[in-house]
Amino acid sequence: MLLSWMAWTWPTAVFFLFIVTAITSMGVWEHYSPGGGPRRGVLGLDTTRGDRLFISVLGSAFIHLAWLGFMGTPLWGGLILSIILFVVVFKWV
Amino acid sequence: MIDKTTNQKAWFLVAPVVVLVAFNALIPLMTVVNYSVQETFGDNIFFWEGVKWFEQVLHSERFHDSLLRQLSFTSIILLIEVPLGVAVALSMPKKGPWVSVCLVLMALPLLIPWNVVGAMWNIFALPDIGLLGRMINGIGFDYNFTQQPTAAWFTVILMDVWHWTSLVTLLAYAGLCSIPDAYYQAARIDGASSWSVFRYIQLPKMKRVLTIAILLRFMDSFMIYTEPFVLTGGGPGNSTTFLSIDLVKIALGQFDLGPAAAMSLIYFLIILLLSWVFYTLMMRNEEQ
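Protein sequences, first through last, are from chains U and P. Numbers 1 to 93, taken from our numbering, label the letters of the first sequence in order. Numbers 1001 to 1288, taken from our numbering, label the letters of the second sequence in order.
Among the clues, some could well be false.
[What the hints assert, rightly or not] EDC-like, lysine to aspartate or glutamate: derived pairs with alpha carbons at most 20 Å apart: (1) U/K91 to U/D51; (2) P/K1249 to P/D1065; (3) P/K1205 to P/D1181; (4) P/K1207 to U/E30; (5) P/K1249 to P/E1039; (6) P/K1009 to U/D51.
[What the hints assert, rightly or not] Reference listing, derived: stretches of chain U covered by chain P, where coverage requires no fewer than 3 residues with Cβ under 8 Å from a Cβ of chain P: (7) 7 to 20; (8) 62 to 75.
[Stated by the list, open to error] Residues of chain P clear of chain U, computed beta-carbon distances all greater than 10 Å: (9) E1055; (10) Q1147; (11) F1198; (12) F1255.
Just so you know, these hints were derived from the structure itself, not from any lab. Every value quoted in this text rests on a predicted model; they were computed, and no experiment measured them. C-beta: ideal position from N, C-alpha, C; glycine also.
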């Protein structure tokens, strides 16, 4: 197969699908409500929606790594914390 | 309000860059992510391993050690190169024929290929035949970078400072040259000391270029490979095995592609996080 050298698996494909969906929906959101919704959040940072997505995704990566390092598998706890992070960041940061 | 005509067709002009980035960054990165959750013995046969490699890397003493070495190296060179670069830029002439001489001299180290820099410093610092090594031994210090970890660190840091301080200098110099004369005249009228001129005029005006300089130096030094590889090969022992050298040892030396992929992703996330923190902090100061 053409893509066999990339060694795709379902979980990694779902992960990238999530990233692509997130970026696309940011585009759609921007189309209906332009300007990026800039504000100064609780951390004193000026953020737009894109910044908030970046902070959430990067933060989730580190939450998962920390969960794996300290608690081990399974990673559901890390996933729940990450979802909480997403909500908190998009609401207040 | 000005009515701007929006023409979204301009986005097509970005398409070549998107394709290029897809081929040289996105697709390889995706492949690394795929490799990081699998085991392979070559021949495109893969076995699902889940997050085992990530767990292994996170608990690996070897990874902790090279990360610590990497962080120390990067902090040391940033602490030396940024103030030194600014100091050199301040002492460079602003007008006259010496400007081009200084600029060319400063640009020279940046033009030398990285492996050549490593090879040059290797020969330069050899204790028996190298000019530097011979000299240090001659004035009474016991110096042998192939056997002493401290000497190896000293040489690697000196080499990096020699190679990259010019970048900070050139950027800082560009920042200095963009300050209009009116600021200096105002400072002279107020009788400002040279420290106040530096603190309240030159430094704030250089902030933007220094942000870029620090970010570039941070990322480059955090990913440094060629120069220490040629100079010390990561030795003596493991004393100068930085993250990238360790990564190559795992990936190509031991051919453990899964753990190497997991390690490179963690490495990438650390660089991303630190760059973001640096950038955010410096941009925040700018507004205040």
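The hints, checked one at a time:
Restraint check: the Cα-Cα separation between U/K91 and U/D51 comes to about 13 Å, which is no more than 20 Å; the hinted pair holds. For the given pair, P/K1249 sits about 15 Å from P/D1065 by alpha-carbon distance, which is consistent with the 20 Å threshold. Of the pairs offered as hints, the one joining P/K1205 and P/D1181 holds, with about 13 Å between alpha carbons and a cut-off of 20 Å not exceeded. Using a Cα cut-off of 20 Å, the hinted pair P/K1207 and U/E30 is violated, with the two alpha carbons roughly 32 Å apart.
Distance check on the hinted pair: P/K1249 and P/E1039 sit about 17 Å apart at the alpha-carbon level, within 20 Å; holds. Restraint check for P/K1009 and U/D51: the C-alpha separation of about 25 Å exceeds 20 Å, so the hint is violated. Coverage of the region 7 to 20 of chain U by chain P holds. Counting CB-CB distances below 8 Å, 7 residues qualify, and the rule asks for three or more. Remark: the region 62 to 75 of chain U is confirmed as covered by chain P, as 7 of its residues place a Cβ nearer than 8 Å to a Cβ of that chain, reaching the required three.
At the 10 Å boundary, the C-beta of P/E1055 falls inside the reach of chain U, the nearest C-beta of that chain being 6 Å off. Taking the minimum C-beta to C-beta distance to chain U, about 36 Å, the non-interface status of P/Q1147 holds against the 10 Å cut. No beta-carbon of chain U comes within 10 Å of the beta-carbon of P/F1198; the shortest separation is about 28 Å. No beta-carbon of chain U is positioned within 10 Å of the beta-carbon of P/F1255; the least distance is around 15 Å.
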